[in-house]
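Trainee: Keeping the supplied structure of chain A fixed, place chain B upon it in accordance with the hints.
Note that the protein sequences, when read in sequence, are chains A and B.
Heads up: the first sequence begins at 0 in numbering that gives the first Met the number 0, then just goes up one per residue.
Heads up: the second sequence begins at 0 in numbering that gives the first Met the number 0, then just goes up one per residue.
Treat the hints with care, since some could be wrong.
Note that identical chains are pooled: a pair holds if it fits in a single copy or bridges any two copies.
[Claimed, not checked] Below are the DMTMM-like pairs computed for lysine to aspartate or glutamate, each with C-alpha atoms no more than 20 Å apart in a straight line: (1) K12 / D42; (2) K201 / D172; (3) K201 / E173; (4) K201 / D175; (5) K192 / D87; (6) K148 / E122; (7) K148 / D172; (8) K120 / E146.
Just so you know, these hints were derived from the structure itself, not from any lab.
Number of protein chains: 2
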Amino acid sequence: MSEFQPTSRTQVKRLPKRAHYDRETVYQILDTAFVCHVGFSVDGQPFVIPTNYGRSTDTLYLHGSAASRMLKTLSAGVPVCVTVTHVDGLVLARSAFHHSVNYRSVVILGTARLVEDSAEKMEALRVFTDHVMRGRWDDVRQPTEQELKATIVLALPLEEVSAKVRTGGPVDDEPDYALPVWAGVLPLQITPKQPIPDALRKNDPPIPDYLRNYSR
Amino acid sequence: MSEFQPTSRTQVKRLPKRAHYDRETVYQILDTAFVCHVGFSVDGQPFVIPTNYGRSTDTLYLHGSAASRMLKTLSAGVPVCVTVTHVDGLVLARSAFHHSVNYRSVVILGTARLVEDSAEKMEALRVFTDHVMRGRWDDVRQPTEQELKATIVLALPLEEVSAKVRTGGPVDDEPDYALPVWAGVLPLQITPKQPIPDALRKNDPPIPDYLRNYSR
Chain A
0 MSEFQPTSRT
10 QVKRLPKRAH
20 YDRETVYQIL
30 DTAFVCHVGF
40 SVDGQPFVIP
50 TNYGRSTDTL
60 YLHGSAASRM
70 LKTLSAGVPV
80 CVTVTHVDGL
90 VLARSAFHHS
100 VNYRSVVILG
110 TARLVEDSAE
120 KMEALRVFTD
130 HVMRGRWDDV
140 RQPTEQELKA
150 TIVLALPLEE
160 VSAKVRTGGP
170 VDDEPDYALP
180 VWAGVLPLQI
190 TPKQPIPDAL
200 RKNDPPIPDY
210 LRNYSR
Chain B
0 MSEFQPTSRT
10 QVKRLPKRAH
20 YDRETVYQIL
30 DTAFVCHVGF
40 SVDGQPFVIP
50 TNYGRSTDTL
60 YLHGSAASRM
70 LKTLSAGVPV
80 CVTVTHVDGL
90 VLARSAFHHS
100 VNYRSVVILG
110 TARLVEDSAE
120 KMEALRVFTD
130 HVMRGRWDDV
140 RQPTEQELKA
150 TIVLALPLEE
160 VSAKVRTGGP
170 VDDEPDYALP
180 VWAGVLPLQI
190 TPKQPIPDAL
200 RKNDPPIPDY
210 LRNYSR
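Excised from the complex, chain A in its bound form (with noise of 0.2 Å):
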């Protein structure tokens, strides 16, 4: 797949090893999260807001409340920066100075648009919440007119967008590999754990199989 052309506010400049600029990297950290930090600035106060998302091509979908002040601050076109990550391990080092993290993240330049026209609107939803848990989307009640209304989706072009991935072991300095302390890897991994059912059920439908098997 096609690179994204580093910009000056992009191009990775400290450890530029651990840049990637290739669609491929930044779909596959893109797809295996559902949830981005998005940093605006309101008043010169910048905020960072967890919230879902989801990807079509080379947009990015955010949604929420029709009343929600980040929302409604991005509708206004003003700069924004989603960003993804994903937490791989614990890097031990021998010294306290060469600990690190293993960790794939994905930062994303621009300004979003608005989607006025309903089918993009309802497609975007469909895309959040496929992205979440593919399958959903075609069991569930889908959104009413008013639901629509109630609910703003933002589109984000993927254009001014790069990856940073660290991988592997720790880097130590040359004496160091003599001290007798344990050094290597703690991988970290988000695991499903077993669904609860709704407390306030009035039926007992099968667990479908995309929630059975669950995984990023």
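Mentor: Just chain B now, kept in the frame of chain A:
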């Protein structure tokens, strides 16, 4: 424990029932995570960067290379937002509209102070290391004078702080409870896998207890 005073900027407006301002909730969210997302603006463009942190009472410490653009920018005393998020589960409703996520997040607004005193700097590095893995600091080679100089440490006061927490099952519209759709919560948890010893090791110290029994 006492409460943080909400300000016009940290008062949660959307879904205020989810808001918490007490130190107990804020500390618990901060202390069980170790990656935050830091928001700051450069030339009007917000950036959101994932990084590690540590907490000591009402101070959040950030650190990194003296070459880091983020830390150099923040050292100049610009407004910053630090957000910490736990994703605890997927909330599966009977309608697409009522799907949600169980989460715990803290948002901290303020201005960071450059830590110049070398004793405070060293203590902050101890706090970072033990924040990620309690007990690790005492086992590893501690920072040299040169490593301290290569590291920027910033202190962000916990003053303008809010937490937001969603727990529990889905809340569906009354008629939807009759739909034959599985509804409930899929809990998600960060779990450690088997530690991977460094391939470059020259000795085989035992795996320390704090690593063997790691949990957050």
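Trainee: Does each hint fit the structure? Answer for all of them.
Mentor: Hints, one by one, checked against the model:
no.	hint	result
1	K12 / D42	between (28 Å within a copy, 17 Å between copies)
2	K201 / D172	between (62 Å within a copy, 13 Å between copies)
3	K201 / E173	between (64 Å within a copy, 11 Å between copies)
4	K201 / D175	between (62 Å within a copy, 10 Å between copies)
5	K192 / D87	both (19 Å within a copy, 10 Å between copies)
6	K148 / E122	within (14 Å within a copy, 52 Å between copies)
7	K148 / D172	between (59 Å within a copy, 17 Å between copies)
8	K120 / E146	within (11 Å within a copy, 52 Å between copies)
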